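Heads up: the sequence shown runs through residues 1 to 142, numbered per my numbering.
Please note that a few of the clues may not be correct.
As the list claims (entries may be wrong) - The following label-pair restraints were derived from C-beta to C-beta distances:
| id | residue 1 | residue 2 | range |
| --- | --- | --- | --- |
| 1 | N71 | M1 | 24 to 32 Å |
| 2 | R116 | D66 | 18 to 26 Å |
| 3 | P17 | A74 | 14 to 22 Å |
| 4 | E122 | N71 | 24 to 32 Å |
| 5 | E7 | W95 | 13 to 21 Å |
| 6 | G16 | A74 | 19 to 27 Å |
| 7 | A14 | A105 | 33 to 41 Å |
| 8 | N71 | D114 | 33 to 41 Å |
| 9 | A74 | A130 | 31 to 39 Å |
| 10 | D55 | P91 | 20 to 28 Å |
These are calculated hints, taken from the structure and not from any lab test.
Predicted model, so just to flag it, every value in this text is computed and none were measured.
Every residue gets a Cβ at the ideal spot worked out from N, C-alpha and C, and that includes glycine.
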Amino acid sequence: MLDVTAEVAGIRAAYGPDEYRALAVYSDVHVALEEAGLHPYVETGGGLAVCAYADDGTLFVVACEDSLPFNRWAPGALAGWHLSHVPEDGPTPAWRCVVYDSLPASPRHREGGDLRLEPLVEAAAAHLAACSLHSAGAGGRA
1 MLDVTAEVAG
11 IRAAYGPDEY
21 RALAVYSDVH
31 VALEEAGLHP
41 YVETGGGLAV
51 CAYADDGTLF
61 VVACEDSLPF
71 NRWAPGALAG
81 WHLSHVPEDG
91 PTPAWRCVVY
101 DSLPASPRHR
111 EGGDLRLEPL
121 VEAAAAHLAA
131 CSLHSAGAGG
141 RA
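Work out the full structure: start from the sequences and follow the hints.
Here it is, written out as structure tokens:
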């Protein structure tokens with residue numbers, strides 16, 4: 001099984017300027033996930049996301065419509081949160097569960113979605129408690 005603590009330590013040790021910039025912008029998301037018992041890091045390759053390993057090696061990915069904006073506070077830049085659960089960090093996971101989505105139903109909505117972190121973290125915790133793929137371990141093997 002993946003040692004998520006060592007994996008995240010290795011990812012964080014390789015941070016460059018983009019990752020440190022992203023961490024500064026999304027430190028509240030990082031802290032909320034860490035306080036929930038997950039192992040977060042920022043990912044900038046292929047778009048900005050805040051990722052967090054669960055203890056079993058599966059991964060939560062916090063994004064927006066596609067990737068998170070570096071300028072989070074620009075008007076309309078961050079419309080809401082999209083949280084997914086995947087078996088591993090990669091471009092084509094074997095499965096993907098959408099755990100939480102606070103994005104507006106239509107991009108034409110003038111108001112953004114819910115940007116509070118409490119519902120996002122609560123959704124992650126509830127999903128971990130109920131997810132049969134999670135309890136089967138990384139990769140969803142039963």
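Here is how each hint holds up against the structure:
The beta-carbon spacing between N71 and M1, approximately 38 Å, falls outside the hinted interval of 24 to 32 Å. Restraint check, R116 to D66: a C-beta distance of roughly 21 Å satisfies the suggested window 18 to 26 Å. Judged by the Cβ atoms, the range 14 to 22 Å given for P17 and A74 holds: they are separated by roughly 20 Å. E122 and N71 have their C-beta atoms about 27 Å apart, which keeps the hinted 24 to 32 Å range intact.
About 20 Å separates the C-beta atoms of E7 and W95, a value consistent with the hinted range of 13 to 21 Å. A hinted range of 19 to 27 Å for the beta carbons of G16 and A74 is consistent with their spacing of about 23 Å. Taking 33 to 41 Å as the suggested C-beta distance range, the pair A14 and A105 conforms, at roughly 38 Å. Distance hint for N71 and D114: a CB-CB separation of about 20 Å, inconsistent with the stated range 33 to 41 Å.
At roughly 36 Å, the beta carbons of A74 and A130 sit within the given window of 31 to 39 Å. At roughly 24 Å, the beta carbons of D55 and P91 sit within the given window of 20 to 28 Å.
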